[in-house]
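Residue numbers (our numbering), protein chains in the order written: chain D, 1 to 379; chain S, 380 to 758; chain X, 759 to 1137; chain P, 1138 to 1516.
I should point out that these hints are in silico values taken from the structure, not numbers from a laboratory.
Don't take every hint at face value.
Straight-line distance between alpha carbons at most 25 Å, and here's what the computed DSS-like set of lysine-lysine pairs gives [what the hints assert, rightly or not]:
1. K1049(X) to K956(X)
2. K196(D) to K58(D)
3. K1428(P) to K754(S)
4. K575(S) to K670(S)
5. K1133(X) to K375(D)
Facing chain S, from chain X, some residues (calculated, C-beta under 8 Å) [to be verified]:
6. T761
7. I840
8. E844
Estimated spans, in silico, between C-beta atoms of each pair [claimed, not checked]:
9. D416(S) to P1406(P): 45 to 53 Å
10. H378(D) to E1201(P): 41 to 49 Å
11. R1189(P) to G49(D): 29 to 37 Å
12. R1189(P) to N668(S): 57 to 65 Å
13. Q714(S) to P184(D): 34 to 42 Å
14. D37(D) to E1223(P): 23 to 31 Å
15. H378(D) to R1464(P): 42 to 50 Å
16. H1136(X) to E271(D): 42 to 50 Å
17. D1231(P) to H1136(X): 25 to 33 Å
18. G49(D) to D1181(P): 22 to 30 Å
19. N668(S) to P1420(P): 48 to 56 Å
20. Q903(X) to F1175(P): 48 to 56 Å
21. K954(X) to R1301(P): 27 to 35 Å
Owing to the predicted nature of the structure, the values given are computational and were not obtained by experimental measurement.
Quick reminder that beta carbons are idealized off the backbone N, C-alpha and C, glycines included.
Protein chains: 4
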Amino acid sequence: MNTFGTLFRLTTFGESHGAAIGGVVDGCPAGIELNIDFIQNELDRRRPGQSRLTTARKEGDRVEILSGVMDNITTGQPIGFIVRNENQHSGDYDDLRDVFRPSHADFTYYIKYGIRDHRGGGRSSARETISRVVGGAIAKLCLRQLGIDVKAWTQQVGDIACERDWTRLDLSLTEQNDVRCPDPAVAQQMADLILKVKGEGDTIGGIIAGVITGCPVGLGEPAFGKLHAQLGAAMLSINAVKGFEYGEGFAGVTQRGSQQNDRQTPWPPEELPADNTEEPHAPTSYLPNGKGYRWKSNHSGGIQGGISNGQPIPFRVAFKPVATLLRPQETIDLQGHAVTIHPRGRHDPCVLPRAVPIVEAMAAMVVLDAILINKTTHL
Amino acid sequence: MNTFGTLFRLTTFGESHGAAIGGVVDGCPAGIELNIDFIQNELDRRRPGQSRLTTARKEGDRVEILSGVMDNITTGQPIGFIVRNENQHSGDYDDLRDVFRPSHADFTYYIKYGIRDHRGGGRSSARETISRVVGGAIAKLCLRQLGIDVKAWTQQVGDIACERDWTRLDLSLTEQNDVRCPDPAVAQQMADLILKVKGEGDTIGGIIAGVITGCPVGLGEPAFGKLHAQLGAAMLSINAVKGFEYGEGFAGVTQRGSQQNDRQTPWPPEELPADNTEEPHAPTSYLPNGKGYRWKSNHSGGIQGGISNGQPIPFRVAFKPVATLLRPQETIDLQGHAVTIHPRGRHDPCVLPRAVPIVEAMAAMVVLDAILINKTTHL
Amino acid sequence: MNTFGTLFRLTTFGESHGAAIGGVVDGCPAGIELNIDFIQNELDRRRPGQSRLTTARKEGDRVEILSGVMDNITTGQPIGFIVRNENQHSGDYDDLRDVFRPSHADFTYYIKYGIRDHRGGGRSSARETISRVVGGAIAKLCLRQLGIDVKAWTQQVGDIACERDWTRLDLSLTEQNDVRCPDPAVAQQMADLILKVKGEGDTIGGIIAGVITGCPVGLGEPAFGKLHAQLGAAMLSINAVKGFEYGEGFAGVTQRGSQQNDRQTPWPPEELPADNTEEPHAPTSYLPNGKGYRWKSNHSGGIQGGISNGQPIPFRVAFKPVATLLRPQETIDLQGHAVTIHPRGRHDPCVLPRAVPIVEAMAAMVVLDAILINKTTHL
Amino acid sequence: MNTFGTLFRLTTFGESHGAAIGGVVDGCPAGIELNIDFIQNELDRRRPGQSRLTTARKEGDRVEILSGVMDNITTGQPIGFIVRNENQHSGDYDDLRDVFRPSHADFTYYIKYGIRDHRGGGRSSARETISRVVGGAIAKLCLRQLGIDVKAWTQQVGDIACERDWTRLDLSLTEQNDVRCPDPAVAQQMADLILKVKGEGDTIGGIIAGVITGCPVGLGEPAFGKLHAQLGAAMLSINAVKGFEYGEGFAGVTQRGSQQNDRQTPWPPEELPADNTEEPHAPTSYLPNGKGYRWKSNHSGGIQGGISNGQPIPFRVAFKPVATLLRPQETIDLQGHAVTIHPRGRHDPCVLPRAVPIVEAMAAMVVLDAILINKTTHL
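Extracted from the complex, chain D is given alone in its bound form (with noise of 0.2 Å):
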């Protein structure tokens, strides 16, 4: 199970001290050209290490290809490739060897597996997403080509929250301030809190947003396949992710079908419009006979029936905040008996400015599987 998609398809392996980490990428298309320095870029915007608000764990992590491109363009044949770790203070772990950490892995893996690799949280890690940002950034290399566009941003963090939804947010800013949160202010909100947080051996959950822009109309599948299930299921899978909402979320569950219900009007209007309490937000969309339209809102998140209708979709991940604390805990070890634990690793205070690229990968890879699958519909 540790193969992602259907069509497009990520197997990953590794763990946090094992020799590398790496992956299998198959069924990309092939003629793509695979730019390594933009994978590498996004690789380095989860980089442990770069930021004060970060874990001070340096690793370089540079990915290698190993397969599947010719003169750097994709052959449509498998592409491997690994990440080395380094940087391993594996000793660091030494006194967990037997001890559960609380609210980690480390119970459940030795009950299911009868053996676990102890260091650094082993395949539970975090260093597991290290393949999929690699898997995200070929994805995304393809969805540039379609005009797709996948971008997440830290929403919250403990309750300093940026109110602004996408819409009303330049995200071109995300990347200018070390938590990756589009409205600046907010952003030195969040970043003291994480301090603070950091300076009592403490740590903090969040949120993060992300909104897919450029998709066509079709992409999903009617029933389990539902676009919006996939991309759950996508965001669920990544570590320490409690929630996944989109559209109106569970703040929609209050309102009537009356005030949620997305229409579309003909555009340019055939007449002067009745109903004036909507303005259509979108651009003009077309039918196939060529007769435009407009939708007056987006309550439904871009998706109806498990299917993309052509606007954006925005959703909205929830983070806890990491188990691992800078603080001594009380546990039991392998044997049952009460152990307390003093951490030595070096870890995030917060997931979650680290997290916006794995989101972001995770999205990508959902979509363009989507949009292979979507290539079948008709003979």
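For this one, chain D is given, so just place chains S, X and P on it according to the hints.
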């Protein structure tokens, strides 16, 4: 993409106004007694026309099992089943043949496939979930043998919420009212709201909560197959669902790691516990060596690193208000002209009461699938 | 594992003496006219009781399509179908409830599942192939639109073989005799042999040959999904099949590379060909730049590197003699005691005549699936 | 489609002249000792340059395991591995950049993907099978613990055949000669033929036989997942394979059912057997109730109804002669012009000696996968 699951697999077919809804359950373990009354009873829980809160459309929805059993015992062979469609007022839909109903799948299906079954939404109709309930009922019969239980209930309708969580509710009361809320007083308020909304020709959303109890440690797979990712995908694939969360979910993002970490403590205690702030709330479990332990909290929601830890798994699912309104709506037709639709079909003002068994069904299939996969962890 | 295919997927269910045989075709392209007469006709070709060479068991085997079509056009939604079982002499099997018939699946099913449907072989009955023929008929309707044709015929029964290969046969004659051999003289010999064997209460095996014509270049995937690997798996999954070969097959192993290499030559010729030993036998094809070429031979069987090269794909499938004899046989019962069985069911002395449409059906589904997958090679 | 298997899954990548060949083994049970020397030894069996019968190309083909083990024990996590390509004479292929070598995948890849790696055949090179041997070696280490063994050998080269079947051969002699034929005298003849063919700049095909012993009853799935269908697909996916048969295979089609039926007899005998014509040849097995039985023959090849019956599983695989000749050949180039190629690469005159471990590897993975799936037959 009409197949759900990896080893326990449900493949479904059928439209609202076709000849029949049905499916195939493949991978059901051999030797399970297939209690047909139980399966039919589950179907009756989602049946239309069961109360004044649901659509007036009445269908018997009798399931016929076509294969895979011998003297009521599963043989390990695929279980085919059908539910004939009856009481179809296809004529009700004639004037919808050429229009896109707002926030329905009419538009997306039409553009994706170039053809659509306009009668009752075709494949996008909630009648598709009949097959899920049958598959889920079969899964439940398997889970019963393992002492695993899945319970769901209506937790919120519009802004009427049942604030108590499952640990403080008597879930045996869920089926005692039309709303399927185990708090009778809140249920009454919900019912009143639904009837009020119905009277206005409008619809309303809500939240269904669920809890899975009795899971062994070890269900779920580390990377993309995390138990909650599978659970989330399952829920998000149900019509009208806009969000999924488990454990502390979205609300938990404001908390610190020190507040959310779940830890185990030896049981009986080895000494007087220094930390009295949290009483162990869970029953005693045992390590492979026989030593007892208790969990002091369950913020994680029974899953750590994507794998069940033996604690209950609580989750919540957000449903938007139904798109079909009993009032005129403006939209466009297939040619892009403005039209006003006057729906005459029979529809639910609120899907939640009937969606409760669907949520349970999907959860049951996810858990059973995870159990089967987990059997292959060791040789 | 009752699902076949990757994008065009057939899921089947049903036992010999259950209520119905059926299945779901998922991933069928939208917009295909589903000619029900054609599907029924394909079923009639495999129907028991169609001639003196087959079992006397008579079943109408009428297919009912339950979903996925609108005005006879596929909607892109799953196509559910059933064929009711009739004319069941279940009583015929009462004395087989506790015995393992030699070379049947009785023993292996019993040990694997701990329970088996002894009536007519249950799921191991060749009635399971009804669903394959329906799925294959739908695939054929799709392939027709692309000019792709799949034809099979009885090439050998016992030691009576039709020595001519497909290039020297008039395949339109296949359906003109009960054996389904396009050489009328050989067909007569085969029929005589089958009747002789039948008279002895015995059974006989044979070989079905097939050829796929009209494939574009590019079907099949390089590594594990080679077109002939998929074709072989499809054929080997049919009851009683013991071998598969394509191109020169087993006989070709004695040849040299210099004898078997297939090469292309410009067409029209650029100069007088130096090598006159082999005349180009194939029609002219064209490279992307419009330049013509011809193949000088087809030893490869239309597939190179696992991918179709545009030439016809000939293959052969070996069927063992049916295990059910109309004579007493010694065996053991479920308790391990020696018993003698006296079969009374109605069975085919030779499966080949009725297996011809099954072979075609499986090949058609493989090719259509490969076509859909190949649509995703480029963005 | 570069993933093989359902639960024990091998995903591979790599081209002949890329940076590395590699793969990911997912679903390997936890707790298996991963003997790296054994894995390397399997690779050495397929390594080029190992004898005068194979290509002169020398590559160390050292495998590096990157993940999934802790102290040499599998952890249940995916096992990533790579084998660096060395000794690449890519220059050898410069003049092949623009031509389609006869009977290679050059043409089909070029048309399918619009781009191809012309160096050494790229992905279509037999170097791809390195990953299969690694995956197979890991599967073998698992099977060993269950007493299951997979053995293959060169049974025929050109028209030199080893007529004795496995029951009359000492398979421990297979590795004692370069050809990998357990009959030393025949091996000598085969070697002579291969050298003769090599001297002529030509190539030759042959047949590899194999046998799987020690399988429990119950492996394989009834319909499409029949054990021999999976085995056949596995073999047919190996480069140059043109046919697969098991049990009596193609030769058996001339026989009667009364000759081929395999039956069980109580053991020890309950009375003097009336039928003395066939001595039980198999060891005593036992029913669930403890009663002994023996098989009187094994025409079925150890599989009935697609499911293993506990008897050995013999099979045969046909390999065509290698397409690369050491003599000039006429063909066309990418523009469709006639050209003559003068190959200079280093190639095998006969693939069979080096293909023996590949056949074993594929069989081992199929059997292990079937074992894991079979663990889920019961709850």
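*Measure nothing beyond the straight line between the CA atoms of K196(D) and K58(D); if it is 25 Å or shorter, mark the hint as holding.*
holds (22 Å)
*asked:* Can you tell me whether the CB distance of D416(S) to P1406(P) sits inside 45 to 53 Å?
replied: holds (49 Å)
_K575(S) paired with K670(S) [C-alpha distance capped at 25 Å]_ = Given pair K575(S), K670(S) is violated - Cα atoms ~56 Å apart, limit 25 Å.
*asked:* Just to be careful, I want the Cα atoms of K1428(P) and K754(S) compared with a cutoff of 25 Å; is the pair within it?
replied: violated (29 Å)
_Restraint check for K1049(X) with K956(X), where alpha carbons must lie at most 25 Å apart_ = violated (56 Å)
*Cβ separation of N668(S) and P1420(P), checked against the hinted range 48 to 56 Å*: violated (40 Å)
*Note whether the CB distance of Q714(S) and P184(D) lies within 34 to 42 Å or breaks it.*
violated (48 Å)
*For R1189(P) and N668(S), compare the CB-CB distance with the range 57 to 65 Å and indicate the outcome.*
For R1189(P) and N668(S) the Cβ distance comes to about 59 Å; the hint holds.
*asked:* Does the closest beta carbon of chain S sit nearer than 8 Å to the beta carbon of E844(X)?
replied: violated (14 Å)
*Range hint 23 to 31 Å: satisfied by the CB atoms of D37(D) and E1223(P)?*
holds (28 Å)
_C-beta pair H378(D), E1201(P): status relative to the range 41 to 49 Å that was hinted_ = The hinted range 41 to 49 Å holds for H378(D) and E1201(P), with Cβ atoms some 45 Å apart.
*Using the beta carbons of H1136(X) and E271(D), state whether their distance is inside 42 to 50 Å or not.*
Given range 42 to 50 Å: holds, Cβ gap about 44 Å.
Going through the hint list in order, the structure does not satisfy hints 1, 3, 4, 8, 11, 13, 18, 19.
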